[in-house]
Amino acid sequence: QVQFAESGGGLVQPGESLRLSCKASGFASGFAFSLYEVRWYRQVPGEARESVAQLTVSGTSVYSDSFKGRFAISRDNGKRQVYLQMNNLQSEDTAVYYCNTWPNKSWGQGTQVTVSS
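Those letters in the sequence shown? Residues 166 to 282, per the working numbering, in order.
Hints in this document: simulated from the structure, not taken from any laboratory. Take these hints with a grain of salt, some might be off.
Derived DEER-like restraints, expressed as beta-carbon distance ranges [to be verified]:
1) R235 with Q166: 29 to 35 Å
2) G191 with K233: 28 to 34 Å
3) P268 with F196: 32 to 38 Å
4) V227 with Q178: 15 to 21 Å
5) S172 with V227: 31 to 37 Å
Derived lysine to aspartate or glutamate pairs resembling EDC-like cross-links, with alpha carbons at most 16 Å apart [what the hints assert, rightly or not]:
6) K270 with E202
7) K188 with E257
8) K233 with E215
9) K188 with E202
10) K233 with E257
Ideal placement from N, C-alpha and C gives every residue a C-beta, glycine not left out.
All chains should be modelled from the sequences, with the hints used to inform the complete structure.
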């Protein structure tokens with residue numbers, strides 16, 4: 166069974182940076198993992214989960230408008246890891262962040278990011 170374990174969240178001040186990590190398990194090999202597009206999502210309490218960034222199998226990254234120029238998604242297939250570098254964080258970025266493949270598999274617990282002065 167495929168599972169995701171997100172980490173790296175925390176409490177930061179506006180303008181600071183965080184790097185989130187996501188460990189994927191349940192893939193037979195790094196090659197098997199590389200066959201999937203990977204995405205980062207976030208969810209604010211009381212709101213629907215929304216897409217933040219996606220990285221296609223061919224290596225193209227796509228970002229929702231709110232995150233362009235500030236966030237960067239990357240992956241290490243051999244380690245089955247997905248990363249999200251988040252720069253110039255703002256209070257509006259406060260949320261629980263999740264990673265997943267596309268199509269989605271089971272969801273992990275997410276990692277809380279709180280941006281506050």
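Outcome of the hint check:
Checked against the hint of 29 to 35 Å, the C-beta distance between R235 and Q166 comes to roughly 33 Å, which is consistent with it. Evaluation of the 28 to 34 Å hint for G191 and K233 yields a pass: the beta carbon distance comes to about 31 Å. About 18 Å separates the C-beta atoms of P268 and F196, a value inconsistent with the hinted range of 32 to 38 Å. For V227 paired with Q178, a C-beta distance near 28 Å fails the hint of 15 to 21 Å.
In this structure, S172 and V227 break the distance hint of 31 to 37 Å, their C-beta atoms being roughly 23 Å apart. Of the pairs offered as hints, the one joining K270 and E202 holds, with about 12 Å between alpha carbons and a cut-off of 16 Å not exceeded. The straight-line distance between the Cα atoms of K188 and E257 is roughly 25 Å, outside the 16 Å bound, and the hint therefore fails. For the suggested pair K233 and E215, the alpha carbons sit about 15 Å apart, so the restraint of at most 16 Å is met.
Proximity of K188 to E202 is assessed by CA-CA distance (about 15 Å); at most 16 Å being required, the pair is judged to hold. As the CA atoms of K233 and E257 are separated by approximately 14 Å, the hinted pair is consistent with the 16 Å bound.
Checked against the numbered hints listed earlier, the structure breaks hints 3, 4, 5 and 7; every other hint is satisfied.
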